[in-house]
Amino acid sequence: MHPAIQGLLTIAFGVGGCVGYFYFSNLVLDRVIFPARGVHIARNIRRANMIRPWLFLLPALLALGLYLAYPVVETLRLSVTERVPGGGSEFVGLANYQQMLAEAKFWEALQNNFLWLLVVPAASTAFGLLAAQLTDRLAWGNIAKSLIFMPMAISFVGAAVIWKLVYDARPEGTDQIGVLNAVYIYFGGDGPMQWLTIPFWNSFFLMMVLIWIQTGFAMVILSAALRGIPEETVEAAIVDGAGPFQIFFKIKVPQIMDTIVVVWTTITIVVLKVFDIVFAMTNGQWETQVLANYMYDKLFRANDWGVGSASAMVIMLLVLPILVWNVYNARREMR
Amino acid sequence: MTVIAGEKPALIWALRLSVVLLVGLWLFPTLGLLVSSFRTSDQIATSGWWRAMFPSEQNLTLRTDPPSAQVQEGDLYVIEGRLFAEGTESAISAWGTSAREPAAYQPGETAELRRGGTLTVTEDGAYRLESTEEISGKRGPRVFVTATVPPEFTLENYETVLVSGNATDNMAKAFFNTLTVTIPATIIPILVAAFAAYALAWMEFPGRALLVAAIVGLLVVPLQLALIPLLKFHNEIGIGKGYIGVWMAHTGFGLPLAIYLLRNYIVGIPRDIIENARVDGATDFMIFVRIILPLSFPALASFAIFQFLWTWNDLLVAMVFLIDATGETTVMTKQIVELLGTRGGNWEILATSAFVSIAVPLAVFFAMQKYLVRGLLAGSVK
Numbered sequence: 001m002h003p004a005i006q007g008l009l010t011i012a013f014g015v016g017g018c019v020g021y022f023y024f025s026n027l028v029l030d031r032v033i034f035p036a037r038g039v040h041i042a043r044n045i046r047r048a049n050m051i052r053p054w055l056f057l058l059p060a061l062l063a064l065g066l067y068l069a070y071p072v073v074e075t076l077r078l079s080v081t082e083r084v085p086g087g088g089s090e091f092v093g094l095a096n097y098q099q100m101l102a103e104a105k106f107w108e109a110l111q112n113n114f115l116w117l118l119v120v121p122a123a124s125t126a127f128g129l130l131a132a133q134l135t136d137r138l139a140w141g142n143i144a145k146s147l148i149f150m151p152m153a154i155s156f157v158g159a160a161v162i163w164k165l166v167y168d169a170r171p172e173g174t175d176q177i178g179v180l181n182a183v184y185i186y187f188g189g190d191g192p193m194q195w196l197t198i199p200f201w202n203s204f205f206l207m208m209v210l211i212w213i214q215t216g217f218a219m220v221i222l223s224a225a226l227r228g229i230p231e232e233t234v235e236a237a238i239v240d241g242a243g244p245f246q247i248f249f250k251i252k253v254p255q256i257m258d259t260i261v262v263v264w265t266t267i268t269i270v271v272l273k274v275f276d277i278v279f280a281m282t283n284g285q286w287e288t289q290v291l292a293n294y295m296y297d298k299l300f301r302a303n304d305w306g307v308g309s310a311s312a313m314v315i316m317l318l319v320l321p322i323l324v325w326n327v328y329n330a331r332r333e334m335r
Numbered sequence: 336m337t338v339i340a341g342e343k344p345a346l347i348w349a350l351r352l353s354v355v356l357l358v359g360l361w362l363f364p365t366l367g368l369l370v371s372s373f374r375t376s377d378q379i380a381t382s383g384w385w386r387a388m389f390p391s392e393q394n395l396t397l398r399t400d401p402p403s404a405q406v407q408e409g410d411l412y413v414i415e416g417r418l419f420a421e422g423t424e425s426a427i428s429a430w431g432t433s434a435r436e437p438a439a440y441q442p443g444e445t446a447e448l449r450r451g452g453t454l455t456v457t458e459d460g461a462y463r464l465e466s467t468e469e470i471s472g473k474r475g476p477r478v479f480v481t482a483t484v485p486p487e488f489t490l491e492n493y494e495t496v497l498v499s500g501n502a503t504d505n506m507a508k509a510f511f512n513t514l515t516v517t518i519p520a521t522i523i524p525i526l527v528a529a530f531a532a533y534a535l536a537w538m539e540f541p542g543r544a545l546l547v548a549a550i551v552g553l554l555v556v557p558l559q560l561a562l563i564p565l566l567k568f569h570n571e572i573g574i575g576k577g578y579i580g581v582w583m584a585h586t587g588f589g590l591p592l593a594i595y596l597l598r599n600y601i602v603g604i605p606r607d608i609i610e611n612a613r614v615d616g617a618t619d620f621m622i623f624v625r626i627i628l629p630l631s632f633p634a635l636a637s638f639a640i641f642q643f644l645w646t647w648n649d650l651l652v653a654m655v656f657l658i659d660a661t662g663e664t665t666v667m668t669k670q671i672v673e674l675l676g677t678r679g680g681n682w683e684i685l686a687t688s689a690f691v692s693i694a695v696p697l698a699v700f701f702a703m704q705k706y707l708v709r710g711l712l713a714g715s716v717k
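These protein sequences, in sequence, are chains X and G.
Residues in the first sequence are numbered from 1 upward in steps of one, following this note's numbering.
Residues in the second sequence are numbered from 336 upward in steps of one, following this note's numbering.
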């Protein structure tokens, strides 16, 4: 069968099943279980309306529970167990964590993750703020914004290919096809550099890819926040003789501080989960390992569920403060 | 643009210039890939893509026509022709007949060939090879030229990647696989989330506030945690690795944001509309289908774009839940990663494949940008 036809069939099956559930479950509720007719019409409608929310919620609750809530508990359980040869598993306490903490690669991943957490959200937010402010009053600002925002649509893998070309190195003496080496040699660098194999600094070359992607996101949100600043405050500052830099840093930035924090946190979450970039560009070689990739390595290459789950719990631990803060804010808003 | 009080004209120029610089910097890497995907592998390997746009000076090794093309003029044997294909406007600045001295002669000069005879090459690539004896051999003598060659672009790479390439190069199957993953994985979570969001926004039932809080919490749970427990679960219920599993996974991972975005939007729909419909005897299901769905189109569209981009661009979920040993269900991102490993040097294939895979999201992005931005703003800022 042609893959296109096969694809169409599977699509029809999947989407059809989903539409069918909602349609028929409501039909059954209204016509069969609690029909809106006969002597008990009022009671039946009331009962149907008590059940209906759960009918609407059921698939979502199932999916959320199964795909997000249950794995948190299950991964926690797996992280304290070890697979026994021949099937089954046994409780081993914190042995997996001890084994993980003893590995140099884990500490390298943790250290790199902290570097990423330090650099990427800060740089993306800063570039985003800069771009938002610069394009704010330009006639062609929206076009400029679209172009800076564009990398958001590109996959991490696509971005990895794009940047590998930028970092590419050719043997000395031949024309460089990677922009970075071409520029480096043009400005008197001695010989082409294999940028991705220089320990410590190569992490920054990988981070550059994520910064490039995330800046557009930060820019869009921050520029909406900048637009929301009341004109009077800026005008008052101008009347008082403030220069453009003073206006920006002392009037505008403090007013959008809340938004900056939101952007910062969102990018932080992205950084904690980032996997594709490292996987595609270096696969953790040359000391570029990060937690998410370390975890993938343990789970699917070393086939060690225990240590893999333990490192997943470390990622969860790092996200936890943001989770608590989010829930706290949401509950405050609901009131 | 009007001059605003407190801004000097010089500053405005500095501002414009820095925006141009910033945009250029952000666009440059992608442009490189796009240009590279239209070049031949030789061109990519020998010169930077930024030179591809302009005529460039290149050192080429060419051959005259083979001896079979020779004609007899009196007692001279002559081969005449052009070194470049018809229609190309290349200009030769120097040429030679041996690899050791590739620039020994100026255009218009005549060189003695080692095997006898003389060769004259003019600036536009026309040559005349003369010999007093019959020229033998299968191929014409080599000519080394330094020439300014106009930019040349080809669609050959796209042909290889989409139609004619072998199993590793051809992306057609992976393209359809990606679509098969993406379309249901976009539609199903929207449907599920819209019903749930409506229930959370407008239906009265115990535990509603708690559910909303739980969903906000789940927003940040890293999907890495889900990999092992769910892979085990999928194997236990017998769906193993396949489309159904990957749709379910994408649905689960996309739901918190979808419900959150849609609920925020649906809560904002005026209460009167819904209550009027109830008075007229509409059931919740009818209200949802006839009123809520059409009214919340902007929110649905913005989430649809997000989910589409994520599922299209996803690598991890597909690697864990979809791609099995047969490789029948490989998606594009995975195939590109494999190409990066095996064909790291073949930039023409790599660049073209990557561009095929980012073309669809880019098209969606530019067509639907309005909704994308709206969704971002609704989700992140209050």
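Just so you know, these hints were derived from the structure itself, not from any lab.
Since the model is a prediction, treat every value here as computed from it, not as a measurement.
Warning: the hint list may mix true and false statements.
As the list claims (entries may be wrong) - With a Cα cut of at most 20 Å, we get these calculated EDC-like pairs of lysine to aspartate or glutamate:
| # | chain 1 | residue 1 | chain 2 | residue 2 |
| --- | --- | --- | --- | --- |
| 1 | G | 567 | X | 136 |
| 2 | G | 567 | X | 235 |
| 3 | G | 705 | X | 74 |
| 4 | G | 705 | X | 235 |
| 5 | X | 250 | X | 235 |
| 6 | G | 567 | X | 74 |
| 7 | G | 567 | X | 297 |
Outcome of the hint check:
1. G:567 to X:136: Violated, because 51 Å separates the two Cα atoms, which is more than 20 Å.
2. G:567 to X:235: With Cα atoms ~62 Å apart, residue 567 (chain G) and residue 235 (chain X) exceed 20 Å; violated.
3. G:705 to X:74: Not satisfied, since the Cα-Cα distance of roughly 40 Å exceeds 20 Å.
4. G:705 to X:235: Status violated; Cα separation ~30 Å.
5. X:250 to X:235: The given pair, whose Cα atoms are some 13 Å apart, holds under the 20 Å limit.
6. G:567 to X:74: Holds. Residue 567 (chain G) to residue 74 (chain X) sits at ~11 Å (cutoff 20 Å).
7. G:567 to X:297: holds, 18 Å
The structure fails to meet hints 1, 2, 3, 4 from the earlier list, while all remaining hints are met.
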